[in-house]
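Put the two chains together into one complex, using the hints given.
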Amino acid sequence: MSKPVLIIGGGPAGLAAAHSLATVGKESVIVEKEDRLGGAPILSGYAKLVPTGEWAKDAIGGMVKRVEAESSVKVVTGTKVTDFDGSPGNFTAKLSNGDAVDAEAVIVCSGFTHFDSVNKPEWGFGTYEDVVTTTQVEQMISSGQGVRCPSDDRKPQRVAILLCVGSRDRQIGREWCSKICCTVSSNIAMEIREELPDCHVYIYYMDIRTFGLYETKYYWKSQEEFKVKYIKARIAEVTSDGEKLIVKGEDTLVKRPITIPFDMVVHAIGMDPNVDNPEISETLGIDLETHGFIDVANRYGAMGATSRPGVYVAGSATGPETIDDSIAQGHAAAMAVLSGARDLKTA
Amino acid sequence: MPIHEKSLIRPENLTTHEELTLDGVDVSGHWSTFIETRVVNDYNENLQEEIAALPGGEEIHRCWQCGSCTNACTVNAINEDFNPRYWIYLIRMGMESELLRDKDIIWQCVSCNKCTYACPRDVFPEGVMKATAHWLERKGHTEKSPSTHFDEVFTEQIVKTGKIEESRTMRRFFSRTGQALAQPWMIEMVKRMLRGLPIGLLTRMGLATLVAPKTNDWSKASAAIQEYIDEQHEKQAQALSLAELVETAKQDVAA
Ligand SMILES: Cc1cc2nc3c(=O)[nH]c(=O)nc-3n(C[C@H](O)[C@H](O)[C@H](O)COP(=O)(O)OP(=O)(O)OC[C@H]3O[C@@H](n4cnc5c(N)ncnc54)[C@H](O)[C@@H]3O)c2cc1C
Ligand code: SF4
Ligand code: SF4
Ligand code: SF4
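First to last, the sequence lines map onto chains P and A. When you line the first sequence up against this note's numbering, it's residues 1 to 347, in that order. When you line the second sequence up against this note's numbering, it's residues 1 to 255, in that order.
Only chain A is shown next, with the shape it has when bound in the complex (with noise of 0.2 angstroms):
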């Protein structure tokens, strides 16, 4: 067919009609093939402010579109729809529906920041899919992804305890993430360390998964600190306006 660069046409937006003739010009068949035009006319303007309010994203409107992070990027080699460049380039234009095309592939950075080392600019695009993964479950696009509930759990015990007890982190992200505790590689890792590590260490974890250990005095800062968590994630949804995203999906669920 003679479509230069027929595959950056979606397909749906290619059309050949078996029988058609136009004006008296009989146009059937393959040679007079159509492309539909593609208007976009739900541009987002706010779609970049929205990500640079979000952790990571803050660095996104130097981009100049130079491709070095999709260059660089562990992700692209393997799948090149996996591509930041492009996606920053949809931010900053506010074409959110062609974004979200993209929604279930853009949480599989891997955080190597290959491309942080490469960016000239220093966009930090690592931390742009960071925001852009956060900005697609924010705003119900997506579901939390694994790492976001991994990363949860951790926060929580964090602020909770001033500790970080490994086995409870576990037991809670299998739980969030719907997955059974007893997996084998865990029960095999969990056999080795009985058999290697010394009895006063064991003893110790033992324990600790019992009494759920707290750092001395831990109130305060743990007050401290939920205080600033909260303080930061309203600003994050007032820069998201996701208040109003609740006010007209309730109106929807009313009418």
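The shape of chain P in the complex, shown without the other chains (with noise of 0.2 angstroms):
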């Protein structure tokens, strides 16, 4: 028999790629550093996905599950690779608790880092309580706890919801979008109106990116059903009065400056390049592309090679995706390396 395919990182990239390989009977091993599966969607506690509304638990928890009952795939959590050897068909993997693992081909699916809005100072984050991040907006919600202002847990009457936090920056060398936000965001207003009839959420945007289909289901869907207020407007900076936050700016379209009231913030996060990226490329001998993503070198021929040969990648390691875009990488990475170990075999 053949050796595995190491598969590293369990979110939905990974999972994609270890169900599609158990699929044609081929064995793999994902390692996880966290002590579970389920990525950024779980690991983070998202609420209801973009597009489809399932909750996140539910969702992406079925993929855990689907590929726990797999006997051909063996999950290692709480563990990353430490040492990295050999070439395609023959690879061996030293592992941070001790173990080896011997490997066929590799499919990176280490995922992508929340951007820390500690580094936009100017818009109150790690200052004002009641300034937070999207990511902490989806754990109210799927925690069943509500939209509440963590300061004192009152429901919020007004809300701003701040678009491209750590995207579209040259400050903070973050030039990327990262390409969900505007959506997940639309989403989000929709939900805290959902919840909170009377409270006004503002959206401030320097363009909407609600790509695709994702127009009708979300950007005007959120203005028209849900009345959520959209504002051509990047705010300067986000203080207190000491009772509420206030924002200030300028209506670009009406040439006018704002300072408004309100109960809370949030930062619309961007997905920055996994933190470990720099290790990872050193340990597995792969490139990085210009923003510190992992290199993808054959767009067309290969679905997800990187600059080793029998190295692949899947999913927003590569830059920011969503996660059906992310599941179908994965997929289509498990299918190269098939496709990859039929070639060595002929060769």
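Here are the simulated distance ranges between beta carbons: (1) P/Arg-256 with A/Glu-58: 26 to 36 angstroms; (2) P/Asp-287 with A/Pro-55: 37 to 47 angstroms; (3) P/Thr-259 with A/Asp-122: 20 to 30 angstroms; (4) P/Gly-173 with A/Thr-37: 44 to 54 angstroms.
The hints are simulated quantities; they were obtained by calculation from the structure and are not laboratory data. Each residue gets a CB set at the ideal place from its N, CA and C atoms; glycine is no exception.
Structure (structure tokens):
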């Protein structure tokens, strides 16, 4: 029997890759650094997902259960790869738990890291309790607690969502668009309006990128049915008058300064390259692209090829991706591994 | 008056008629205020290129109109009409006549660079403000600002002597801006310097005022720098079509 495929990271992409391989009877080993599988949607406790509206714990939780039930998938949690050597068909990876894994190929599914809002101090995160991130609001909703101001647990009457926090900003060296946060924000805005119909929700944007079919289902719907207000302005600063948060900026469409009190300010945080990427790149001997994500060497011939033959990559490790695209890439990388193996045999 | 955002409409474009009947309908008075259509037909499609040709204006094409510069701006906090984001928009769209409406406040930028540190696209708005102010001067829309006079006096002296001698710079600056040298604060400052500074230093300063010291062997460097400056000025003049401007002006006078 040939060697298993090593999958690094057990988020949506890694789970999809493992499932595909299991389908054709190919063994795999998932090495996940956290104590459980599921990736960002599970680890960060997301609520209802875009675009299906299914709860993350059901949708992604279901993927986890499916993989855990496969006898051909071995799961190692709380572990990282520390050393890596060999050639296609014949790799050896040493793990931080002391074990070693012989592998035929590798699929890197190590995902992204949430932007840390502390790096944009002018927007008040870390200074004011009621300045939160989209991840925190997701958790408020998914835990069943509901959207409340952290400082005193009150129901907010006015919420401001600031887009592109940690994205599209040369000042902090992040030029990319995180792709999903516009849609996630309009989704969250609708969820807030649903739970608290008296609460006014404002979204401050530079561009709205609810790409593709999300235009109708999120941007238009949130405006037309949920009366979410969109204002074209990049906020200058978030301060406080002791009672309310004060948001300052310029409404650029009407050329007017704005100073508006809010109960809660939400940062639509972006997707950073995984903080582990320099280490992963060094250990596996694969290149990163200019922003620090893992470089995809071949876009058309073999899905998810990296700069090193036999090592593949899928999901948000390659750049900001949605869950469904990450899953598709996971499946595609599994397929690429299989065709790579066939090429090796015939060579 | 039920016009949304009335303040955005220029007063001269708002008209009401005491007595007016149109097609038999009485439209007199306040409730039927008219807004005259505003047609912009004098676009200068080169405006962005012209600003970009002046030092500081090079990155203006990057702007995506987020407003962070205006939000951060020191002068905007005092005067809402001082709006770098808006001017960048006008320049990029080539709306020269609109820009000229604000010609008397654009130069007021204090170069604090708060905008520079806020701009997510590294447009360098402070530089754009400087370039725009220079553009206004070179096109003859505004007089040279005091800071331009100061920069010129300062630069001329360095190019000529390779050194800076403050009292000379101050004297020239005052004379070019038409200010008396014997400003009360100036007299006070000199008095205190006389009291406080060591004799040796005072003597050197006094001497420098008289003999205008020069860096040794400066003339070659001076010529090279001057040549470079002239070259740049010529390039900028071309980008701004200044020669054509002078030509049209001559013809206008002749006609
Ligand atoms: C606030 C927010 C809301 C979102 N909501 C949605 C949504 O509703 N719909 C949608 O389509 N997308 C959404 N996304 C995007 C979604 O999170 C990603 O598309 C998805 O998580 C990508 O899956 P992944 O498997 O590539 O990476 P991840 O989910 O990041 O999983 C990577 C896994 O690898 C592990 N790992 C990392 N480094 C190592 C290492 N060195 N060794 C071993 N293991 C490692 C991690 O612990 C993690 O388990 C949202 C994103 C944000 C920020
Ligand atoms: S998806 Fe929207 S909020 Fe996110 S970075 Fe792109 S434009 Fe900004
Ligand atoms: S440098 Fe000028 S434009 Fe920029 S913030 Fe300061 S005053 Fe405003
Ligand atoms: S901050 Fe930069 S990008 Fe934004 S409006 Fe000002 S110059 Fe343009």
